[in-house]
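Novice: Those protein sequence lines, which keep their order, are chains P and S. Each residue of the first sequence is one higher than the one before, starting from 11 at the first, in the numbering used here. Each residue of the second sequence is one higher than the one before, starting from 11 at the first, in the numbering used here.
Calculated directly from the structure, the hints in this document are not laboratory data. Keep in mind the model is a prediction, meaning the values are calculated, not measured. Glycine included, each C-beta is placed from N, C-alpha and C at the ideal position.
Think about it this way: if two alpha-carbon atoms lie no more than 35 Å apart in a straight line, the pair counts; the simulated DSBU-like pairs of lysine-lysine are: (1) S:K186 x S:K309; (2) S:K309 x P:K342; (3) P:K155 x P:K227; (4) S:K115 x P:K155; (5) P:K155 x S:K97; (6) S:K227 x S:K186; (7) P:K342 x P:K155; (8) P:K245 x S:K245.
Pairwise CB distance ranges, derived in the manner of DEER restraints: (9) S:T373 x P:R264: 52 to 60 Å; (10) S:E378 x P:T373: 27 to 35 Å; (11) P:E190 x S:N128: 56 to 64 Å; (12) P:K97 x S:N128: 29 to 37 Å; (13) P:E157 x S:M11: 21 to 29 Å.
Quick look at which bits of chain P chain S covers, simulated, 3 or more residues with Cβ under 8 Å: (14) 34 to 45; (15) 139 to 148; (16) 153 to 160; (17) 299 to 305.
2 protein chains.
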Amino acid sequence: MMNVAVLGYGTVGSGVVEVIERNNEQVSSKAGDEMHVKYILDLRDFPGDPYESLVVHDFNVILEDPDVKIVCEVMGGVGAAYQFTRKCLEAGKSVCTSNKELVAKHGAELLALARENNCSYLFEASVGGGIPIIRPINKALTAEKLEMISAILNGTTNYILTRMEREGVGYEETLKQAQELGYAERNPEADVEGYDACRKIAILSSLMVGKNVDSEKIYTEGITKITPADFAFAKAAGRTIKLLANASADDQDRVQAYVAPALVPLEHPLAMVNDVFNGVFVTGNMVGDVMFYGRGAGKLPTASAVVSDVVDCARHVGRTSIVCLWEPVEAKLLSIDTCCKAFFLRCSAEAKAQLTEVFPGGTFLSAEGVDEIGYITPVMEEQEFAKKSAALGDALHNRIRLA
Amino acid sequence: MMNVAVLGYGTVGSGVVEVIERNNEQVSSKAGDEMHVKYILDLRDFPGDPYESLVVHDFNVILEDPDVKIVCEVMGGVGAAYQFTRKCLEAGKSVCTSNKELVAKHGAELLALARENNCSYLFEASVGGGIPIIRPINKALTAEKLEMISAILNGTTNYILTRMEREGVGYEETLKQAQELGYAERNPEADVEGYDACRKIAILSSLMVGKNVDSEKIYTEGITKITPADFAFAKAAGRTIKLLANASADDQDRVQAYVAPALVPLEHPLAMVNDVFNGVFVTGNMVGDVMFYGRGAGKLPTASAVVSDVVDCARHVGRTSIVCLWEPVEAKLLSIDTCCKAFFLRCSAEAKAQLTEVFPGGTFLSAEGVDEIGYITPVMEEQEFAKKSAALGDALHNRIRLA
Chain P
11 MMNVAVLGYG TVGSGVVEVI ERNNEQVSSK AGDEMHVKYI LDLRDFPGDP YESLVVHDFN
71 VILEDPDVKI VCEVMGGVGA AYQFTRKCLE AGKSVCTSNK ELVAKHGAEL LALARENNCS
131 YLFEASVGGG IPIIRPINKA LTAEKLEMIS AILNGTTNYI LTRMEREGVG YEETLKQAQE
191 LGYAERNPEA DVEGYDACRK IAILSSLMVG KNVDSEKIYT EGITKITPAD FAFAKAAGRT
251 IKLLANASAD DQDRVQAYVA PALVPLEHPL AMVNDVFNGV FVTGNMVGDV MFYGRGAGKL
311 PTASAVVSDV VDCARHVGRT SIVCLWEPVE AKLLSIDTCC KAFFLRCSAE AKAQLTEVFP
371 GGTFLSAEGV DEIGYITPVM EEQEFAKKSA ALGDALHNRI RLA
Chain S
11 MMNVAVLGYG TVGSGVVEVI ERNNEQVSSK AGDEMHVKYI LDLRDFPGDP YESLVVHDFN
71 VILEDPDVKI VCEVMGGVGA AYQFTRKCLE AGKSVCTSNK ELVAKHGAEL LALARENNCS
131 YLFEASVGGG IPIIRPINKA LTAEKLEMIS AILNGTTNYI LTRMEREGVG YEETLKQAQE
191 LGYAERNPEA DVEGYDACRK IAILSSLMVG KNVDSEKIYT EGITKITPAD FAFAKAAGRT
251 IKLLANASAD DQDRVQAYVA PALVPLEHPL AMVNDVFNGV FVTGNMVGDV MFYGRGAGKL
311 PTASAVVSDV VDCARHVGRT SIVCLWEPVE AKLLSIDTCC KAFFLRCSAE AKAQLTEVFP
371 GGTFLSAEGV DEIGYITPVM EEQEFAKKSA ALGDALHNRI RLA
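Using the sequences and the hints, build the whole thing.
Specialist: Structure representation (structure tokens):
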């Protein structure tokens with residue numbers, strides 16, 4: 011019998027209990043031992059809940075029970091979650107988490123703590139929900155030097171962009187629909203401003219180079235300025251618009267990372283990642299391009315990823331299960347200033363002559379029913395673009411990078 | 011120092027040596043020990059080759075060297091490859107392979123032999139080339155009951171179908187082009203008749219249920235009868251044509267598996283898997299749909315997958331690294347007769363009235379420049395379709411299942 015404790019009985023927490031119970035045969039057989047949820051930690055009571063009797067309010071009950079070898083931290087936040095995780099690992103209990111904020115902030119430190127105490131800190135669910143992506147990077151693509159990751163990591167924004175493209179409706183109205191359907195939070199800032207995707211690409215890029223990439227230093231731009239006119243021009247260019255989280259590493263393991271909307275060619279595999287789905291496109295120096303696709307959020311997919319970590323811990327009680335090279339030293343993060351891209355510009359029609367003057371060698375786009383003009387610049391450095399585009403002043407209504 | 015021997019210095023074998031040498035820093039760091047190729051077994055000599063001095067002709071040199079803990083079997087075939095693999099495992103040497111034929115035929119037996127001898131038999135490269143798929147099924151989707159796999163597993167046929175669709179050219183001419191470009195073998199039977207995809211889906215479906223699915227009992231149909239007219243009708247139906255390898259498992263772990271061309275909706279993720287790429291679409295009861303995409307063949311992608319297995323073995327010397335539930339007992343394979351599908355029919359124009367008589371409730375398709383007619387039947391069992399369609403006689407020119 012392998013006893014598990016679940017910290018936090020919210021959406022993901024109740025999903026973890028459900029996956030372990032409903033798929034108990036599969037989970038126990040893969041784990042090599044019968045899996046059992048012994049405690050659920052929550053401040054609330056859950057009268058009438060089938061697992062009511064497992065609920066405890068005192069974390070120390072779990073910490074001090076030597077029968078509990080594996081703890082699922084699905085509370086979120088970097089306060090109590092951080093303290094509880096440290097205490098569990100120090101006590102030799104493995105921790106499996108979906109808490110991307112905590113992993114992005116303290117991942118390297120908690121991994122080191124797990125190693126010192128012969129247990130594991132696993133976080134498959136922190137990026138890409140149910141999509142296996144952390145494990146493939148750590149365990150499968152091990153013969154590779156990973157050169158680039160380009161990913162759709164936030165389901166809320168991808169849902170909004172997909173609806174805007176298909177229905178030609180504006181951002182605000184689509185956001186409202188998404189909120190009504192439960193795909194967006196009432197305070198949607200973390201999603202729509204790109205902060206959620208930023209934390210996830212910080213985790214992936216840290217794994218790429220084995221060093222800490224500080225999410226707060228990653229250039230991040232959200233989707234709030236995207237309009238139906240942008241989609242019309244994108245279509246005219248054979249492209250769609252996605253919120254991409256990108257990271258690349260050079261020969262010296264210096265990282266270039268940013269989160270921003272991008273015009274993606276329709277024939278690119280990421281262009282078909284629609285609605286709440288996520289996609290992670292990885293380029294290795296031997297394998298070339300690989301993509302992982304699936305549900306990036308949601309109760310059961312996220313819980314499934316947490317439980318896959320639980321299975322791994324169960325098979326490795328008393329030792330660290332996955333070799334995760336992520337040292338608590340800071341990675342060198344390159345500024346976006348020297349990043350090279352072509353840019354799509356949406357401008358007032360009067361700016362036509364000025365556009366070819368400021369950005370010679372570009373291509374004009376026109377879109378039916380749109381009285382503005384579209385223009386795609388040649389590839390240039392971000393800093394050059396920023397400097398030159400200032401000359402356009404108010405005539406420049408929006409600019410989006412090309413993927 | 012971790013010494014590796016490579017059996018067979020062909021395309022994949024030379025790729026394995028190249029990956030270990032070029033990515034030695036990454037590979038050694040992930041393996042936790044310096045990786046080194048000590049022997050290359052081949053009947054031929056390779057004068058002038060940079061690794062000429064490593065070539066041996068006698069397998070016993072490798073078998074009897076206690077320094078060699080890991081062997082890559084990349085010879086192919088089920089003769090010498092089978093004997094050598096058994097001997098290595100019996101001697102406690104782990105074996106990593108790309109040999110799908112051998113895995114499909116003797117996988118369960120060789121896994122059991124590896125377990126008995128505290129070593130590993132790993133075969134990530136046997137399905138999907140460089141795409142991590144075996145490891146995600148065994149190690150990542152462990153909280154799932156896998157319900158269905160639908161996959162494009164053969165790069166040659168996918169390349170041919172992609173060209174036929176884009177260029178409107180016939181099968182024979184496209185095959186010839188593919189042969190000239192090295193994407194198809196001079197004797198293309200194993201690819202174009204679906205046998206290669208069949209072996210791979212046998213491996214995946216065996217892993218789904220943990221029992222042996224006999225590839226020779228899987229219904230298999232190739233792409234040789236597909237014409238440009240079929241693509242024209244598919245387009246009219248908002249679909250494309252892909253060679254799909256499908257497997258599903260019911261509550262009692264009974265398997266339904268087959269390989270056949272199918273009309274895939276353009277919005278399905280598998281529809282964008284083009285050229286030599288492969289895609290494996292997996293449905294689990296908790297995670298929902300997940301897809302893995304990448305290069306299904308080629309020297310370096312395949313070698314990268316072999317080397318990822320080598321890294322795993324290096325980290326687990328003296329024990330079995332991956333828990334792979336695949337017992338040497340036969341899985342119950344359901345006949346395709348009771349499988350339910352809608353069918354696309356391409357018929358001579360005179361058959362119009364007869365079609366609605368034989369298959370009432372279907373939909374006609376027309377395609378520009380094609381003087382035949384297209385028809386999509388309602389969903390029905392294979393056996394019902396076979397019986398009824400016989401009435402159409404010579405008027406029926408082709409029939410393809412809908413995905």
